[in-house]
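So you can see what is in the structure, the chains are spelled out below.
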Amino acid sequence: MSSVALAIATGLLMGVVFGFALEKSRVFEPGMIVGQMQLRNFIMIKVFLTAVATGALVLAALHGFGYVKLVPKAALYSADIVGGLILGAGIALAGACPGTTLAQIGVGYRDAIFTLVGGLCGALAFAYGEPWFAKSLIGTGEKIIFTDLVGIPFWQGAIALTIAIVIVLVLMERARSWRADLGADVDGNLDANSATKAHGRMAPAE
Amino acid sequence: MPSLYDKAWSPYVAGVAIGLLQIPAFLMIETALGASSSYVTVGAAIAGWIDPSLLKIDYAAKHIAANAKNLWQVALVVGIAIGAFLSMKLSGARRQPISPIWTRALGSSSPGLRYAVAFGAGFLMLLGARIADGCTSGHGLSGMAQLSVGSTVAVAAMFAGGILTATLVLRRI
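Heads up: the sequence lines are chains G and B, in that order. For the first sequence, the working numbering gives the first residue as 65, with consecutive numbering after it. For the second sequence, the working numbering gives the first residue as 371, with consecutive numbering after it.
Hints listed in this document are in silico derivations from the structure and should not be mistaken for laboratory results. Keep in mind that the hints are not guaranteed to be accurate.
Stated by the list, open to error - Here are the in silico distance ranges between beta carbons for each label pair: (1) Ala189/G <-> Ser478/B: 25 to 31 Å; (2) Asp212/G <-> Ala486/B: 28 to 34 Å; (3) Leu538/B <-> Glu237/G: 26 to 32 Å; (4) Ser478/B <-> Ile216/G: 29 to 35 Å; (5) Gly128/G <-> Ser479/B: 50 to 56 Å; (6) Gly172/G <-> Ser423/B: 50 to 56 Å; (7) Asp421/B <-> Ser66/G: 25 to 31 Å; (8) Ile231/G <-> Leu538/B: 38 to 44 Å; (9) Leu70/G <-> Ala431/B: 21 to 27 Å; (10) Asp255/G <-> Ser480/B: 17 to 23 Å.
Note that the Cβ used here is the ideal one computed from N, Cα and C, for glycine as well.
Bound conformation, chain B alone:
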């Protein structure tokens, strides 16, 4: 039996737990699991303070509206950080500040380089996710479970972009 104190569960146990989260998502929030629109909610809420003209763009205004769906997703991603923290505390799988794989993948152990790459990667990730209207959760987990044609195309493109970049830009880990 998997225990809360384990360092690792089988991907099948963890995958079933994640898939079951669609039940409360559909029944209580009338939506599917997703993560990337919360970045627009938080990003636009902060930027709208400094530049109120941003809120004249419908897309931004729609995402910062304090409604159930927007705030549910922000709470969900905050909860992800808390859940991962609790799981790590229970198992004792403490992490270094930067994963050791990056020294090999980037060919350098400089934290500054890693931080710069991480910033750029985050930017690409969310720019791409917003263009595609979904990420690994919204298009991947939820779109494919709903047999969505567009989501399947988006997931294929995500893996293609990921495999090309990891093979051509990063070094073998």
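The shape of chain G in the complex, shown without the other chains:
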């Protein structure tokens, strides 16, 4: 198999696992994403931080023992801030991020097809404008990682980050269990939950 064909096969297989985990965690649901951004639902941040901590631990080992090179992106502060703010606004209105849009299409959310087409147009608009963006906003920067700033090996910082995340997650889970954020139809729609209950109580009076 050529290296490109192998890369495609690897990508497909990894994507199936990724999509499966996104669906099972329910984090792809618009109710979870909008709920997180309205600070009413915390499943997204729990999945996100767990995946970051796992990734950091994996990379601490792989990089620490010299199997892989890190590939951090350059720090381009104005682009990171302006782009991040626009991306965040899009995530809230889409109820999805670029990856979970595909999971939404997979389970049959029809509006996600519009998100996808809008996304392709947005990416294309950037590609056309890239020479201008590069000159006037993005500029150039260095690939800085926190452990280089402090002067310690990457693996130590990655393990410290993992420990910090685990502590935060334990405290968050104690404050509110993930099950409380699922909703009756596992879509983060917590209002339907309370509506059914309220309706149930009201039924005899009617």
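For this one, chain G is given, so just place chain B on it according to the hints.
Positioned in the frame of chain G, the structure of chain B alone reads:
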């Protein structure tokens, strides 16, 4: 034990599964998990057909090159749709065409309005992700796991933009 037939797994089980995907990404593709550059690959490949002058822009040409990294990421996002479909079929968590939360969030049950908002949201999402050079996967999962300073700033901005928009523009769900 989590089963393939469950409707929901704990966010911690799912999060570990996603984080472990960095192993094949780094070892086999020599890159980190990411999703948003695949939109440039597909978008520019389609548009380049209609307008070949697009390919004179280095950025577009670089993204549509049929190399391992570009096509790996396109395959990854296609795989996400397949994986989510399989998981939904196994658990029976069937979805309506539009999530019921949108009626409340948008204050209207019009599918046309939702489709228009979704299109605009997708546009903003990818314009922003490409300006920042990464999305929730590339800057979020991968950048933060690599302790990248720029990615941490980008993730903070993403949550700030998301929280502001969800609070000021959308209604409470």
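Subject >> Those earlier numbered hints the structure runs against, lowest number first >> reply: 2, 4, 6 and 8
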